[in-house]
Structure formats: C-alpha cells, structure tokens
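Following the hints, put chain B in place on chain A, whose structure we already have.
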Amino acid sequence: MGTVVTIDLYNQTEFSTAAASSHLARARTILQHADAVFSTWKPDSPISRLRRGEITCEQTPPEVAEVLEHCMIARGLSGGWFDPWAMPGGVDPTGYVKGWAAQKALAALVSTEIPGALVNAAGDIAGFGGPALGEPFRVGVIDPFSRGDLACIVQLVGAIATSGTYERGNHLIDPHSGRPSVRVASASVTGPDLGLADALATAAAIGGEEALALIEVIEGYEALIITFDRTWNWTSNFPFAD
Amino acid sequence: MKRAPIVISATVIGIAAVLSFHTKPASLTLGSLPGASATRSSTTTTLPAGAHSGQSSNGTSPPPTSSSTTTTRPSASRSATGAAVNYHYGILSVSVTASGRKITNVAIASLNDGGNFRSQSIDQQSIPILQQQAMQAQSANIQGVSGASYTSAGFQQSLQSALNQLGLS
Numbered sequence: 733m734g735t736v737v738t739i740d741l742y743n744q745t746e747f748s749t750a751a752a753s754s755h756l757a758r759a760r761t762i763l764q765h766a767d768a769v770f771s772t773w774k775p776d777s778p779i780s781r782l783r784r785g786e787i788t789c790e791q792t793p794p795e796v797a798e799v800l801e802h803c804m805i806a807r808g809l810s811g812g813w814f815d816p817w818a819m820p821g822g823v824d825p826t827g828y829v830k831g832w833a834a835q836k837a838l839a840a841l842v843s844t845e846i847p848g849a850l851v852n853a854a855g856d857i858a859g860f861g862g863p864a865l866g867e868p869f870r871v872g873v874i875d876p877f878s879r880g881d882l883a884c885i886v887q888l889v890g891a892i893a894t895s896g897t898y899e900r901g902n903h904l905i906d907p908h909s910g911r912p913s914v915r916v917a918s919a920s921v922t923g924p925d926l927g928l929a930d931a932l933a934t935a936a937a938i939g940g941e942e943a944l945a946l947i948e949v950i951e952g953y954e955a956l957i958i959t960f961d962r963t964w965n966w967t968s969n970f971p972f973a974d
Numbered sequence: 011m012k013r014a015p016i017v018i019s020a021t022v023i024g025i026a027a028v029l030s031f032h033t034k035p036a037s038l039t040l041g042s043l044p045g046a047s048a049t050r051s052s053t054t055t056t057l058p059a060g061a062h063s064g065q066s067s068n069g070t071s072p073p074p075t076s077s078s079t080t081t082t083r084p085s086a087s088r089s090a091t092g093a094a095v096n097y098h099y100g101i102l103s104v105s106v107t108a109s110g111r112k113i114t115n116v117a118i119a120s121l122n123d124g125g126n127f128r129s130q131s132i133d134q135q136s137i138p139i140l141q142q143q144a145m146q147a148q149s150a151n152i153q154g155v156s157g158a159s160y161t162s163a164g165f166q167q168s169l170q171s172a173l174n175q176l177g178l179s
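Residue numbers (my numbering), protein chains in the order written: chain A, 733 to 974; chain B, 11 to 179.
Calculated directly from the structure, the hints in this document are not laboratory data.
Among the hints, a few may not be true.
[What the hints assert, rightly or not] Residues from chain B that keep clear of chain A, each with C-beta distances beyond 12 Å, as calculated: (1) Arg88; (2) Asn96; (3) Ser120; (4) Leu121; (5) Gln175.
[As the list claims (entries may be wrong)] Rough simulated footprint, nothing fancy, chain B against chain A, three-plus residues with beta-carbon under 8 Å: (6) 851-858; (7) 870-877.
Computed from a prediction, not measured in an experiment: that's the story for all the values here.
We put the beta carbon where it would ideally sit given N, CA and C, even for glycine.
Okay, chain A solo, but in the shape it has when bound (with noise of 0.2 Å):
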C-alpha cells in the first residue's frame, strides 16, 4: 500500500500506557500485514505475483478472496465507477484495501479501556468514540483549491474517505474508458466502513454527480463532491458540522 497511517487513541483520565500499547501493537500488525500481502509495491507481496499470473486467487492468502469479494460489492453498488478488474497490469484492490486495513487496525483497538479512537490511513479515516464523552469527533475536509485550508468540518460518524487529485485528469482511471479521468477535484465519502468509503470515494470522483446518485440511495453512505468550477453536490444527509 506505501502510504502513512496514524492513529490516535482517546481518554479522559488515567490511560494504562500498556494496555494501549497492546492494542497499538494488535493494529500495528494487521496494518503490516496488509501492507504485506497487498502491496502492489512489493513484487514479491501475494498481490503482485497474483497480478503477474504466476498464482492464482486459492494460492493467496484468504484475505485476497475476501477483500476481491468486497471490491466486487463496491464495483456493483458504485455502477462500475470503482473497478478493480479495469485497471491496468491486472486487478488492483488498492483503492479498497487502504480503508479496509484501516478499519481492521481500528476494530482491533474496541476494548473498555479506550473511549475514542481515530485511524487515519493517509487522509482515509475511521473512528469510535470521540474526543470526550458524548462528543463526537469532528474532521476537516481539505480544500481541494488551497490545501492549507479546509473546505468543511465533518461530524465524523465511522469512517470518512477522500479522493481526487486536486489536478485535471490525472492519477485516477475511468473503468468505463480504461484512461486516467477525473470529474471532480474532491469527493468525499462518509460511513460505517472506510474500505467501502474508500471505493466509494474513488467511485465518486471518477463519476461525479453520476456517482452520487448512486451513493445517494446505499444506506448509511453520505457523499459532497466539490467540481473543478467549484460547486459543492452533496447526499441528502451529509454530516456537514455546524
């Protein structure tokens, strides 16, 4: 995967420094592991020799079959915006695989002792709890037009994902033409899962209101789109704060 993830536990008085410490080394591995079996940066990780051919799906570790199941949901509820099976050099779960390796992370931080907790993979984003009891967590969404600044305060309610490049048609590849593409200069997407939110994300700035459509009627899932002309699209229930 080759990116940064930072996480950020919690409490309002005494913190048992090794009882977070366990939980941080649980979530350190699963992030490890991940990085491990999916990186398509290690040309030894599972993922690459899947990608070259030289295995197939049963030779890899179980988690390939079951994150390729998950991209295979996001692909259907996305319309085809989220593709890992068009991209090129073989199929390339990574736009889900950084959110779903961050909320395992998180999911291995639930424990009595901890109240809040945030994993931030990179700007992709899952949490529990809040910063003191009964408050929720709040996080900026970065102004896509000056990244110093943020564009939005999100009441964060399980997971929030950005995607874009803040660039005309770049980084990104439409499924549909198998070209980098990019409708929208930010998109981000809220829910309960950061790997379904991180497909979404992708989906969403790849499809642009196309997408939002879609996200717009899967339950639990908020989307704001911000275009390169600078309109603002947003699902009926986005957790805007304030």
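Just chain B now, with coordinates in the frame of chain A:
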C-alpha cells in the same frame, strides 16, 4: 466543563511504525517539529520497544499553546534515501529515517521539477503526517483531516526503495 483528553498516537508506514504518546504532565522539551507550527504543546520520547513516543497536553481551551517538540533516540536512528524516480512533473526521491524497526520521519529528499509550481504542493501532499499536524494545529476543535493523499507512483516507488535499504520491507 473540563476537557483534557489524553491522546496516544501511532504512525505506521509500510511495515514500520512511529508511536507518539500525548499525556497531560509533559515535561520533556527538546527541539521543534519540522514543517508544522503546532498549536498544542507536545513532547516526544522513545519507548523501550524502539517506538517513537512522547507526552503532551491537549489544551483545555482554544486556542491552545504554541509549542511542539520531538526527540528520538540518537543511537538507533538511521536514514536512507530512496531511488530518484520520475513522476508526473519531474524527478523526486524520498528519505526515510528509522529508529530500530520504527519509522520516525519521511521527507522529500530531492525534487527536480524544472521549475514547475506544483512541486511545492506535491511536497506538502506527500508528507501526510506533517500536513495533518499542521492543519490540525491551525483549526481548533478538529481531530483529523481528510484529503486525497497524493500517493503518486513516484513517491511510493522511492519510499519503497528507501524502506528496502533500511531492511524495513
């Protein structure tokens, strides 16, 4: 009502990790965090396990104080610079600093973009930790920042190459 959450942070890059602990009774102050004008006081020290950790206080009322500090165990710290890789707007290389098997810093080591104005923003986008810290510091009362990470192929390729050199892959 008092609101002084204790925060523990950990950072993982590839297979390596950085831990930083934030608790209220901070007493260490050693140097400043590069690239980020953090507004919450924090200090960092090293865990026995080789992780990168520290203690800090999260301000009880906005705007919080304006200092941020970091220290690493110098004996175990080592760096490697990844291969220079062509990316969309030029050539870049990434450097990684590690303490034991834990990554403590990632930075752009070189960037030759032929004067392209985008270099600055790519530099920023490529260092999510610093960016996040800087932005969280600037905006009161948020705990995270969501944005498209510019994990360009060039950045990832050079990062991986630096990790390989450090035996961290």
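**Message:** Tell me the numbers of any earlier hints that the structure contravenes, in ascending order.
**Reply:** Failing hints: none at all.
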